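> Sequence:
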Amino acid sequence: MKFMRKTLAGTLAMLMMIFILSSAVFATELVGNFQYPEFNDTYENPGDFILGDITDQELIDYLGFKDLKAESWYLRYVYIAYFDKIMKGKSKEIFDPLGKVTMAELACISAKAHSKLMVASSDFKQVKGEAWYMPYVQYCYENGIYDNDKVDSGKISLEKAEDWNRAAKRCEVAGMLGRCDTFIRRAS
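This note's numbering puts the first residue of the sequence shown at 2, with every later residue one more than the last.
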């Protein structure tokens, strides 16, 4: 049964990606008035698929992050993540592309990516007195992106389940991002 659910989830994820990519190719308008650039047949950089002939310097100027370098492999992905409001910089002028990601930031990125993939309009409202990241952590927990047996059994609160300000391990990044394309709703 578990294998069948995973197979079905994988198939649905593939169908969703095919649908998203095919609709992106033929779309003339994204949310709002943003117009896709003209597409060509060859892309030296996969990010060119979406951004067309926009130069690296134009992207850097638009983003305003002084620590981004032209010709870097990640530049166009930084733009896409920023444009889709999945990530922002450490400050107005610093993105810190080679920096570490905290568990709180990972929860924030994962929640926003999952919300976009599931076409859900999630409003991550912060409760007064609560840490900025708790709405994202709660979303990740409720949607099966973050899992913790001690929280499940009531032995520990979600807020105290992790040191949310520590650097995330690569396996944690892979685990949470890998579950962003699944729909698992926990009973509240």
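Simulated from the structure, these hints should not be mistaken for laboratory data. Just so you know, not all the hints are guaranteed correct.
What the hints assert, rightly or not - Just the calculated beta-carbon pair ranges, DEER-fashion: (1) R167 / E59: 33 to 41 Å; (2) E72 / S154: 24 to 32 Å; (3) W133 / G155: 51 to 59 Å; (4) V174 / Q127: 18 to 26 Å; (5) Y75 / S154: 35 to 43 Å; (6) E131 / C172: 41 to 49 Å.
What the hints assert, rightly or not - Subject to a maximum C-alpha distance of 30 Å in a straight line, what follows is the list of computed DSS-like cross-link-like pairs (lysine-lysine): (7) K86 / K129; (8) K93 / K151; (9) K70 / K126.
Nothing here was measured: the structure is a model prediction, and the numbers come from that model. C-beta: ideal position from N, C-alpha, C; glycine also.
> Each hint: holds or not?
Evaluated hints:
1. R167 / E59: 33 to 41 Å: The hinted range 33 to 41 Å holds for R167 and E59, with Cβ atoms some 36 Å apart.
2. E72 / S154: 24 to 32 Å: Given a distance of about 50 Å, which is not inside 24 to 32 Å, the answer is violated.
3. W133 / G155: 51 to 59 Å: violated (25 Å)
4. V174 / Q127: 18 to 26 Å: Distance hint for V174, Q127 holds at roughly 24 Å.
5. Y75 / S154: 35 to 43 Å: For S154 against Y75, whose Cβ atoms are near 40 Å apart, the range 35 to 43 Å holds.
6. E131 / C172: 41 to 49 Å: violated (27 Å)
7. K86 / K129: holds (23 Å)
8. K93 / K151: violated (38 Å)
9. K70 / K126: violated (34 Å)
In summary, the numbered hints that this structure violates are 2, 3, 6, 8 and 9.
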